[in-house]
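Number of protein chains: 2
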Amino acid sequence: MTASPPGPATPAPLFEQAAIAGVGLIGGSVALGLRQRLLARRVTGYDADVQVLQEAQALGVVDDVRATPGEWLRACDLVVLAAPMRALAPLARDLAPFLSPTALVTDVGSVKAGIAAELEALGVRNFVPGHPMAGSERGGVTHARAALLENAVWVLTPTDHTPLTALSRVRTLVEHLGAAPVVMPPDAHDGLVATVSHLPYLASLALTHLVARDERLSLLAAGGFRDLTRVASGDPRMSRDMVVENRAALRNALARFRRQLERLEADLDQPEELLAAAQEGKRTRDSLPVVKRSLLPPKHDLVVAVPDQPNQIGAVTQALGAAGVNIKDIEVLAIREEGGAIRLGLESVEDVRRASEILNAAGFEVRGRG
Amino acid sequence: MTASPPGPATPAPLFEQAAIAGVGLIGGSVALGLRQRLLARRVTGYDADVQVLQEAQALGVVDDVRATPGEWLRACDLVVLAAPMRALAPLARDLAPFLSPTALVTDVGSVKAGIAAELEALGVRNFVPGHPMAGSERGGVTHARAALLENAVWVLTPTDHTPLTALSRVRTLVEHLGAAPVVMPPDAHDGLVATVSHLPYLASLALTHLVARDERLSLLAAGGFRDLTRVASGDPRMSRDMVVENRAALRNALARFRRQLERLEADLDQPEELLAAAQEGKRTRDSLPVVKRSLLPPKHDLVVAVPDQPNQIGAVTQALGAAGVNIKDIEVLAIREEGGAIRLGLESVEDVRRASEILNAAGFEVRGRG
Chain A
1 MTASPPGPAT PAPLFEQAAI AGVGLIGGSV ALGLRQRLLA RRVTGYDADV
51 QVLQEAQALG VVDDVRATPG EWLRACDLVV LAAPMRALAP LARDLAPFLS
101 PTALVTDVGS VKAGIAAELE ALGVRNFVPG HPMAGSERGG VTHARAALLE
151 NAVWVLTPTD HTPLTALSRV RTLVEHLGAA PVVMPPDAHD GLVATVSHLP
201 YLASLALTHL VARDERLSLL AAGGFRDLTR VASGDPRMSR DMVVENRAAL
251 RNALARFRRQ LERLEADLDQ PEELLAAAQE GKRTRDSLPV VKRSLLPPKH
301 DLVVAVPDQP NQIGAVTQAL GAAGVNIKDI EVLAIREEGG AIRLGLESVE
351 DVRRASEILN AAGFEVRGRG
Chain B
1 MTASPPGPAT PAPLFEQAAI AGVGLIGGSV ALGLRQRLLA RRVTGYDADV
51 QVLQEAQALG VVDDVRATPG EWLRACDLVV LAAPMRALAP LARDLAPFLS
101 PTALVTDVGS VKAGIAAELE ALGVRNFVPG HPMAGSERGG VTHARAALLE
151 NAVWVLTPTD HTPLTALSRV RTLVEHLGAA PVVMPPDAHD GLVATVSHLP
201 YLASLALTHL VARDERLSLL AAGGFRDLTR VASGDPRMSR DMVVENRAAL
251 RNALARFRRQ LERLEADLDQ PEELLAAAQE GKRTRDSLPV VKRSLLPPKH
301 DLVVAVPDQP NQIGAVTQAL GAAGVNIKDI EVLAIREEGG AIRLGLESVE
351 DVRRASEILN AAGFEVRGRG
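As they're listed, the protein sequences go chains A and B. Taking UniProt numbering, the leading residue of the first sequence gets 1, the next gets one more, and so forth. Taking UniProt numbering, the leading residue of the second sequence gets 1, the next gets one more, and so forth.
Please keep in mind that the hints were generated in silico from the structure rather than gathered at the bench. Any given hint could turn out to be false.
Claimed, not checked - Short derived list, chain B residues pointing at chain A, Cβ under 10 Å:
no. : residue
1   : ARG259
2   : LYS328
3   : LEU344
For each residue, glycine too, the CB sits at the ideal point set by N, CA and C.
Work out the full structure, taking the sequences as your base and the hints as a guide.
So, in structure tokens, the structure goes:
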């Protein structure tokens, strides 16, 4: 027998004992990340729902499970509050009496000022409010996966009372989970998500309500309208909870949105002004990152014109797949209103060049963009 | 020598001599449809831009070309006004003196009340205002193709003065071009497109202006925000012209949009009301047709979860392509905010079943929808 070669030295994990409180999609994904990346020696799942705990354990998401808070929490040096947003404060109140004073505590709620104040009032010292900007249309622990958090923007919102060492440790955790930490105050975060997330949701909802009042509208509602109302198709309860929790910042965003709309409405009588506004809007929109995979996302796009014939999407993707070109993103630029065209997001300028050649040779008309 | 079998009898064309006034994307596509489907014996292209005419003739879009109005128009029994919207009225004034009183005249403008009144004032008797809801992000005659109009909704907006025989003939023309005619009064059309097209454009523009004023926002702007601002990326001049021309109906739509927003803002203090509104919004959005290819569009959707690994789009489309499953529509349900998932639009329930089997066998998790 020959001795097997020694394996690489396993680095010491960041945490000895982690508790994931609320083992749903996000909590489960954090747990899986901690385990798969060897960031915690042991991961305990805590949830009030015993069935969820059984699922989590059966799926290997956590090492062990707990259905009630208690002394077991004192051994945890990392506690992640991952309940639905409205349940976060009650959850924190339940756990606080049992937390070790040195435990690092963070949460994953999508609105930050309220929970930051709540934990401060509870006297939880090493609390760093967080918001991983990841999600899925399919919730629950069965859809949890470590990859959900990879490359996601994960906002950390320390207050004036957050110890810098705690912030530093959570930032390290986030980086080790493969996500991209971004640090800002809770109020700033809530104001920004009010504008980029909660206001668009409300605007989208208002548009769907116009259609609900006149079904003739759906006859003419084409790609553009679908795009603007897609977010109204999300989970109603979660969407409602988010906007209610963030209503102060949202009202502010609504007021600014209304002022922009009023200015544009006034410009309807000043065509030159409106043209300038339209040009500025296009510039801004075209400079938005295509897929928010990192803070410096790739913008290597290719637009392919496709004739109105069967299986054009398949023809395009197969031609590229056969040549080993990796399609990172794909978007049908509406079939009618914007013409038969597909936008492909590729990895590099070189891939755009190769894909153009391949598709040209296959008889497609292509155009680079961005 | 053996005699070749007699060919099928060619049906008489609908028109002897058609004039396409304005040979751009839409005009060129109508011309190609008329020629390829043998709907007109001869198609003349008229445009003030001689270079456009040369291109049109070189591409075989038209049989012959004219750069000035004149007596040649009297021989035309079909005249299609296909200039950009702001040029339609001047174009009509230029051509009107030369039109045969029996000529069928239609236009393709995206706002109808103004041009309908204009042509009536000019005394053009057999005028039927029309709006083919087709377009492309790539304009100009070089991108014209008959397929652009196939299955497109083509709204016809007769006034009280439009002869029913003229309406009937244009409807037949539209059907023969492969499009789906929908008839309603000009004001009704303008009100509907104000709501489903021009209002969303203005809302989208207002959102981009918020981001333009604070670049931190683009850091957190994910899939949802991109969706809501996509239409702001269209041609600024064309978009501006549309909304200015339709400003009366648009102001009305804006007022109704504001009322909806105000109601939702008030509901921020009434969480139960807001939940009902969110649920109603989701119902409405989920019942919108996926791709407006016909008045009864297919809704055979399949959602595929994809891990965060290279070339998942290629893997999915290639697996289906190899099995001969035709992908009619594809949509990345955002990479992060909505989780790694792709929506596929397929042709039939049977295709959804087959695709599910194929993708399951390939290790993907799938879910039917709709």
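Chain A contact restraint for LYS328 (chain B) - C-beta distance below 10 Å:
8 Å, holds
Evaluation of the interface hint that places LEU344 (chain B) against chain A, nearest CB under 10 Å
9 Å, holds
Double-check ARG259 (chain B) for me: the hint is only fine if its C-beta lies closer than 10 Å to a C-beta in chain A.
Holds, because the Cβ-Cβ distance from ARG259 (chain B) to chain A comes to roughly 9 Å (cut-off 10 Å).
Of the numbered hints stated above, none is contradicted by the structure.
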